[in-house]
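J.: Sequence:
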Amino acid sequence: MQGGTDLQPGGCSSVQRSHGPRHAPSQLTRDFTQMTRENEETTVTLDICHHTLVLHQSRRSYNCGSTLWSAGLVLARYLEQEKGLFNKSKHCLRVLELGAGLGLAGIVCALQENCAQVTLTDLGSVLPYLQKNAQYIPSMVLQDGKREIDLQVKEYVWGQAPEDCGLQPPYDLILGADCIYDIAQVEPFLQSLSAVSGPRSTILLGNEERDKALQEHFVKELGKLFSIKPIKRKRLSVLEGFHELIEVWVCRRRRYKGEDELAIHHEAEKESNTKGHK
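Sequential numbering from 1 applies to the sequence shown in full-length UniProt numbering.
Derived by calculation from the structure, the hints in this document are not laboratory data. Source: prediction; values computed, not measured. Do not take every clue at face value.
Claimed, not checked - DEER-style ranges, computed between Cβ atoms:
1. K229 x I183: 21 to 31 Å
2. R252 x Q81: 19 to 29 Å
3. Q152 x S194: 13 to 23 Å
4. D47 x R235: 16 to 26 Å
5. S139 x T45: 31 to 41 Å
6. Q152 x T52: 36 to 46 Å
7. K224 x R147: 31 to 41 Å
8. A184 x D164: 33 to 43 Å
9. N87 x K212: 36 to 46 Å
10. G84 x R254: 14 to 24 Å
Backbone N, C-alpha and C define an ideal beta-carbon position, used for all residues, glycine too.
Please build the complete structure, drawing on both the sequences and the hints.
T.: This is the structure:
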């Protein structure tokens, strides 16, 4: 989740987050033994994908990107259960999480069988939490007997060219949770979503409605570029962290002339690269 457009020179530098109205974080088991006055840090312990994850987060709930929020937890639980997203693909998936915060959704993908690369992105101020939370995941994957996972943490400011920040679009699966809480974020977020996706990309967005007008504006602008299919509330209602204001949307780019041929070309390149690494 990112705030404002207060860019620093250099394009992909740190941006200060604006503070928006939030609901309280999900009431998970919290372990305060690592809290210190110096870094004001706590940990959240979470059992997911047959592992116990210890996520480092900010003690201050208004530090939006460094706190676990309910929509992020619901998206992660959905990914944990939705095996078809990973098993149906002919090649190992490349996953990107925008505004990753603590990185939980991307980490869940990294623990799946058919993921080759997961890239977690956020502002520079959030990266210390992302790096701490991601550092032990590759060894967990190897302990599970799965193929080695390429798990990356990168700074990325929405609206910037992804290639300038070391990203390599298009990605197969793109994730975002609780990304929009200010109208100024809508345009740069959609610019980035378009830039990192392709005709064959699947986009999963977890969202909690806090401002009805903002939500309607975001959905309207999102719908101009992507198809939007809400996951049925019945499926989400059994997931940890869910409440009536949370939705998960499956989005795909709207097709334009020539994109199908380009998608086939990229698909052939991926299969060729996959065979070359075996």
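J.: Looking at the structure, which of the earlier hints fail to hold?
T.: 5, 6, 8
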